[in-house]
Every structure is written in C-alpha cells, then in structure tokens.
Amino acid sequence: MYGIRRHGPGCARSLLAALTELQPDIVLVEGPPDAQGVLALLPHEGMRPPVALLVYPPDSPQRAVYYPFASFSPEWQALSYAIRRGVPVRFMDLPQSICLAEGYERSDGRTTDAEPARASDGSEDGRTWTDPSLEEDPIGRLAEAAGYTDHELWWEHQIEQRQDQTDLFLGILEAMGALRERHPLPQGHEARREAHMRQVIRAAQKEGYNRIAVVCGAWHAPALASLGPAKPDADLLRGLSKVRVETTWIPWTNDRLSYRSGYGAGVASPGWYEHLWTAPDRVSVRWVAHAARLLRGEDLDASSANVIETVRLAETLAALRGLPVPGLAELQEAMQAVLCGGEQGSMRLIRDRLEVGDRLGEVPEETPSVPLQRDLEALQRRLRLKPSVESKSLDLDLRNENDLARSRLLHRLRLLDIPWGNPQRVRGKSGTFHELWQLQWHPEFPVALIEANVWGNTVDSAAAARVRHLSETAPDLPRLTELLDAAALADLPDAVEHLLARVQQQAAVSVDVPHLMAALPPLARVGRYGDVRRTRGDRVLPVIDGLFERILVGLPGACASLDDGAARKLADGIGAVQESVNLLDRAEQRGEWWRALEFLAHRESIHPLVRGWCCRLLLDGGAMDPNELQRLARLALSRAVPPMQAAAWVEGVLRGSGLVLLQQDGLWLALDRWLSELEGGVFVEMLPLVRRAFSGFQPPERRSMGEKVARLHAGSGGPRPIAGDDGAAGIDRERADLVLPVLASILGVRLNVDG
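Residue numbers (the numbering used here): 2 to 756.
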C-alpha cells in the first residue's frame, strides 16, 4: 500500500525504489478506469510530460475533468514502471462516467483537479464534515502538528531532503490512519470512491495476483489497507447511473500544475520539483546556474562569482538551520541577496520562469482527438505555427500568402472562442497590409476545440456555422456589423453573404440613430480593406450608403432634448460616423457629413456638448474657419449662457486632445476670459467639469499650454489685470513675489524678473 502525494519527486523516487523491491505482478493506480484504453500511448516517444488525461461527456464537453501528470508525479512513474516491464496496470478510482452522472463538478462547470468536488453539504444525506480541511489537505495538518506554517517547506524537509527513505510508506500509512481516527466515516461520493477501489483490489486478488501494488492518495491508504467484507461495498455501488464519456491525452503546462492556477492538488513550485527529479546530484549548483543563465538572457548581471557566493550562502543557511542540504527557501534567500542584489523584479522573474516554469507538454499524433482538433493541428504544421505557452509576437504581412493564411486562421479561431492570438495595434508600418498578434497557447484550448466541434469538422466550416448562428441571435445592428467585420477578417464568404442579408434586413426596420451610427465603423472597415483581404468589400458599400442616409435624416431629431448622459452617447456615435467617413474617404459623403455637422453646431437648441463636439470635428477636418470657431466660442461662453452649459460646450470642443487649444489662440483667449469672469462660488462649482474636460490631456500637451500662457500674455504686454480698473492695483506685490517663482516652475515657463 503506497500512499503518495501528487506531484512530489521525493515521493516518486521512493515509490520507484519500493516497486523495484516488491516486483509486483499488477499495479493499481488511483485514476479513472475510463482512461484504461489510452494508457497504451504512455510509452510513446511523442509523449512528453506535463500532460493530462481528459475525460468528458461528448454531449457536454464543458464538464471535462482533467488528471494532470508531470514527469515527477508518483502516479506517472508507477504507470511508466508497469508498462516498461510488461506488468498489468489498471486505474481503480470510481469511473468518471458515474461521477459526471452524479453531477460532482464545480459551479463553473469545470473540474481542474482529478477528483470531482464534493457537494456543498459534504454528503448526500445532509451530514456535514467535522473538518473538511483534514481530508482536503492532510499533509498540511501534519505540517501544522510539526510546528510548520509552510506546508511545502515541511514536505520538502521530511520527504524531498530525506536521505534514508526506507519505510516511508509505512510511516505515511500510520500517520494517515491516526488522522482518520478523528474523522467521521466518509459519506456519499467519497464513500463510493473508496468502495470502488476496494472492489478493484478484491477483483485483482480473485484473478490470482499475489504481489499487488496499490498507489493511491495518502488519505485513502488506511481505508484500502483493510478491505473488510465485500457486501457493504457492493451494496453502495449497486444501481449507480452512468453517462457516456470519452478520454484522451492533452498537453499540459507547469504553470497549470501550480497552486496559483487554481489547481487544488497543485504544488507551489513545479519547476523546482522538476529540477529535483532531473538533477538529483549537485542540486544547488545546477539550480543557481539555471537562474544565472535566465538573468543573463534578460540582459541582467549574473557573474560566475555571484553564482559561487550564492551557493555558499545557501549552504551556510542550511547548516544554521540543521538541514542536510539547502532547500528552495534557502536558495531563494541566497539568490535574493547575492544573485539579484536585493531586486524584487529579478526574483519575480526567477519565480515565474524557473520555479514555476512555462514548459508545455506534448502528446503523440496517434492520440484520439475530434476532427476539428486534427484539422487545426494540420493547419498549424502547414502554416508553421507551433503552439507555445510563452507569449510571442507575430508580425504578419498580408501581401504574403502564408501570412494571410495565418491571419485567417487566427481570426477564425477567435470566432470559435479560442483566442490563441490577440490582435495588437500596428505602429510604424502600414496598418492596411500588416497585422501584429500576441500568441499564447493555453491548456484549456483542447477542451474548447471539443466544444466547438459541434459547429463543424474543420476550422473553416465550424467558424462559418457559428457566425451564422450568432447572427440569428444578435441583439442589435451594431453586434451584426461587428460579426460582419470579424467574418470578413476570417475570410468566410458564405457567412459574409448571410450577414449582409441580416444587416440589410435589420437596418431597414431600425429607427435607433445611435445604433445605426455604432454599426457603421465595422462596415467601413470591411469596405475599405476588403480588397486587401480579398473579401469583396464592394458588396458592403451599398449597405453603408443606406445606413449613412438614414443617419443623416434621423440625426437632427436624435439630438433633441438630450440629458448629459444621452449627449455623451450621441457624441460617441457622431465620432464613430466621423471615423467611417475618414476611412472610406469619399468626397460626396464627406461633404454631406460636413453639412450635417455644421447644422448641428449652429443650433442653440442642441445640447452644448454635441455642438462643441461638432465644432471640433469641423475644425479638424478643415470645414470650419478658425475665425468662425472663435465667434461660436464667444457666443457659447458669453455671460448670458449658464455656466453649466458653457462647461459642456468646452468639454465637447476639447474631446480627444488639447491640440485645438494649442493651435487656436482665439479659442484659448475666449476660454481664458470665461474662466476669469466666473464668480468665486460658480468657479468652484464648475471646477470638476473643467477638470474633466482637461483630464485626457497628455503631459506634453499640458507643458505646451504652460508655455502658451507665457507667450500670449507676453504678446499682449503682460498679464491681464485681475481686479480693479487700475491694472495691478489689486495685487499685493510682496506676496506675489513669493508665489511667482513657484507658479513659473509649475507652468514650465521662465520668470521675467523685471516685472
């Protein structure tokens, strides 16, 4: 009876030694019997841990259950030992076909640990567990009893650094037996699990096996060591319902073996445990050397002398603490002090890249998979896009056939909710012909592929079918045009035709002008870049024209009687139409749009934020004379206008950036005069609104504004009087001389000491 802890190299090494000594004629491992058929793939040369067994119901793959394995997992070593020597090996846990029928999964529909979660009350008959943490983390309870607050540290001292590993499993059995004495008998699901494992052991005995090696979680070992009568177990397992399940191997990652991923049976530092498994001698020297190589790869200093001193310090710490060799804690402290020079950033790098790691396992090509997954793997090989858990940038030139095919694949996967690539903003290159992606493969993507297989057996057909389905359930016109844009980027011509028909149908009955405006930019992108992506963008232009005409007709009415929130939403919509007009660059359309904006900018009944935003767009497009803007500013900021409305007009004019203030002196002076004439109480009331209008300005813009203050005032013969008719009579010169140097420093201007 070998009670083990998942993913422990010391435990795995002791288990191999014990199996070699026992020479069993059958090995029983705690795991899903549903996966018995895929065990034959384990010795395949293409199988490289970390990997995971995936068990799922074909009609509900989102309820998949994972059984992760690393090279240092005791279960993996037990399976490998048996298969290499031709010894029969079986999984003995309660089949997942029963577990999934019972509904023991997490609230989000997935189970990251191999064991399904218990029901919230702990059992089926309503009884509660006296101490749930005891069963979930018995190793932690032993560590606490030994005076350790760090459970991983206790395990490392007792097991990983243990020199004499004889009788280890007898000790584990005795310790778990003592813990279970104070624990109520398991009920419900846990009771069925242990009953099934005992039944498998009895079946092996009946078949004539004498040297039976049982490898199970340490907590279950006492319950399996004494089988007892078979009838209670048989009664407990009789009549259980089942669901059909399928099983396969999938690649896994070191990161997903760690606690921080949410994996309940994980370890804190899988990269460190892998190092302990692969480098049993000179552990400290090799580990620090790996850390130094990692730092050098990031252009950080890590000399050989630092490596030597780090190892010496770690060994000294271990000696002071009475340890035979340095552990991870000692090496961490030594590297922090010497190798990293006290820098937390360097230690975080070592933690993420070395202690946890980003290794991605591999599975053989013969591994069972759904047709969609096989199609994706073929495309990955043809396009030379190898999955990796490391985040990598991919720059695509769409004039290149292979890059264009890569782009289509990544866009199609995003339509299937498999975001292998995330598009980034292109800078410094032509955005028309270039795409920049950030690629990162995640272990859960194989499950997403299984789920997506219901849409089709190839990436192309599945993406097209899902787009058509989403188009039928799209809540509004903007969502439809976003789908159309995505389908065009993914080069799905049949889906594009279907979406165009849906867009025309929806647009014909839509009277919501903000929705029409929000729907226009995706269509404009398809029309503008369709030729580049060879998706016949000309088919979209008639739809754009129809939407644009409906927007022009409905816009004046949509601008009537707006509150502040509705005005901001409408201003966003006007900006979306402006973006589309700029993108398509059609002279007739641009002229119609300028006339519509000019009409809005001069109507006093329109919300001032919308009027100010229209003025800004007209000025940026060269359709409004600066003198006209100054005239409108004087009207909008006159004393007759309530301060709240004036502030809204200012917010509209300054949307986006403060460049208009830097370029238009007339607007600057009008705003300056308006602010200076506000009464004290009104100014305090207006301050939040004005600050909001200026909040989006960048530091260089603010610095330029400070310089503009000095330039404009210098050009007018000095600063404008603040109080009184006699110029500076209201200024206390002595106090001003104390304030001016500080004010000049804040504004970034040079102080004129001559007054």
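Calculated directly from the structure, the hints in this document are not laboratory data. Honestly, I wouldn't trust all of these hints.
To be verified - Result set (DSBU-like, lysine-lysine): computed pairs, CA atoms no more than 30 Å apart in a straight line:
1. Lys232 <-> Lys243
2. Lys207 <-> Lys232
3. Lys207 <-> Lys243
Here is how each hint holds up against the structure:
1. Lys232 <-> Lys243: holds (21 Å)
2. Lys207 <-> Lys232: Given that 30 Å is the threshold and the Cα spacing comes to 15 Å, the pair holds.
3. Lys207 <-> Lys243: holds (26 Å)
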